[in-house]
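The task is simple: from the sequences and hints, build the whole structure.
Here's the letter readout for the chains.
Protein chains: 2
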Amino acid sequence: MPVFTTTQVEEILRRNNLSVTDSRKKILNVFLSMQGAVAHRDIERKAGEKFDRVTVYRTLQTFVEKGIIHIIPTTDNSIRYAMCKDCTDGHHHDNHIHFICRNCGATLCLDDITNPVIHLPSYFSAEEVEVIVKGICRNCRE
Amino acid sequence: MPVFTTTQVEEILRRNNLSVTDSRKKILNVFLSMQGAVAHRDIERKAGEKFDRVTVYRTLQTFVEKGIIHIIPTTDNSIRYAMCKDCTDGHHHDNHIHFICRNCGATLCLDDITNPVIHLPSYFSAEEVEVIVKGICRNCRE
DNA sequence: ATTATGCTGCAACTGGGTTGCGAAATGTAT
DNA sequence: ATACATTTCGCAACCCAGTTGCAGCATAAT
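So the protein sequences, as listed, match chains A and B. Quick note on this note's numbering: the first sequence kicks off at 1 and runs consecutively. Quick note on this note's numbering: the second sequence kicks off at 143 and runs consecutively.
Please keep in mind that the hints were generated in silico from the structure rather than gathered at the bench. Some clues are possibly wrong.
Going by beta-carbon spacing under 7 Å, a handful of chain A positions derived as facing chain B [what the hints assert, rightly or not]:
(1) E49
(2) I118
(3) V133
Cut-off 27 Å, straight-line C-alpha distance, at most; resulting in silico cross-link-like pairs (DSS-like, lysine-lysine) [what the hints assert, rightly or not]:
(4) K134(A) - K208(B)
(5) K66(A) - K168(B)
(6) K134(A) - K276(B)
(7) K208(B) - K168(B)
Note that this is a predicted model, so its numbers are computed, not measured. Ideal placement from N, C-alpha and C gives every residue a C-beta, glycine not left out.
Right under this line is the structure:
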C-alpha cells in the first residue's frame, strides 16, 4: 500500500479550501492508497484510528461536495466512493462504467471505458447513464 | 387504473404454489395495475388497506423468490420492484434497461431495450450488465 | 497569543428492514 | 361442513445505517 506524503494530502485539502484536520488527512489517505472504491467499513478499518461515525459521514459528504470523491452507483443498497479524476467543486464528470466483483466485492472505476450511448424513444429525455458490470475481477480469476 | 379480476390474481398465486391470502391478492393487484416500478410506499398507499410492514416485506420477498417480481436496480439506495416478464421460480432473466424519472421518481422497465454489450479488458470476466438511464419521462415532459 | 470560525464527538433520534412468537387464516382430508 | 395441520399475519422488540443539535475543541487568521 503506497504511502503518501503529508504534503500531498494537505495539498489536496488546501486546494479545496478545507481546513487540514487529522481525520480528513487520514480518511483522504485511505482513498489515495486504495485501488477501488471505498465503503464506510473500509474507512473504519483502515483509517488507523477510530473516528466517530458522524465524522466519517460528514467528511465524506464534504469531499463529495468539493469534487474530491464521487459516489459510485451500486445496485445492492450500499454506498461506495472513489476518487474523482476531473471533478471540481460541485461538478462531477464521471462518465465511466463501474465494475463490481462478485467474489471479493471490490468496486472499480473503469475510467477508460466510457458509457455507451443508449437510444431511447424520443419521448424520453435521457440525461444520464449509469452502467454497472458485475463479474469476476483480475485478482480473483488467478 | 385497470382492475383485474379476482380470478386472474388468484391464478398467478396458485400457479406459483402460493396460498391465496388477502394481502397477497391486494399487493399483487398493485403490481398489475401500475405501469412502472413499485416501492414500499406505493404499496402502503395503494393497497387500499393497511398491512403490517412485516407482511409487505415478507410478501415481496416471496414474490421475488417465485419469480413473480424482480428487484429493480437503483442507485439511490432505494428498493423497487416490478413484474417479471419471463422469470420462473428462482431464475430471473431481466436483461433490459431501466429508466428513472428525475421529476416524478417513476422507475420504468424498458423491456424492449436490451442491455448493450460492454467490452472489457479480457482479464475481467463480465457476467451481468445493468444500465440505468436517468432523465425525464413522457408524462413529465408534457 | 487571542479570537473567530468551523470541525469533532457525544447523545439522541429517525427510518428501513428483520426476527420471534402467539393468533388468525388458509388448505386438506374426512 | 368440520376438524386438523400448515402457513401466514401482526404485534413487539430489535438491529443497523445514517442524521441532527449542541457543547467543546482544534484550526486558521490577525
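A quick look at each hint next to the structure:
1. The interface hint given for E49(A) is broken, as the beta carbon of that residue sits about 28 Å from the closest beta carbon of chain B, more than 7 Å.
2. Of the supplied interface hints, the one on I118(A) holds, with its beta-carbon coming within about 6 Å of a beta-carbon of chain B, less than 7 Å.
3. With its C-beta approaching chain B no nearer than about 5 Å, V133(A) sits inside the 7 Å limit, and its interface hint holds.
4. For the proposed pair K134(A) and K208(B), the alpha carbon gap of about 23 Å is at most 27 Å, so the pair holds.
5. Straight-line distance between C-alpha atoms of K66(A) and K168(B) comes to about 46 Å, which puts the hinted pair past the 27 Å bound.
6. Of the pairs offered as hints, the one joining K134(A) and K276(B) holds, with about 20 Å between alpha carbons and a cut-off of 27 Å not exceeded.
7. Restraint check for K208(B) and K168(B): the C-alpha separation of about 17 Å stays at or below 27 Å, so the hint holds.
Of the numbered hints listed earlier, those contradicted by the structure are 1, 5.
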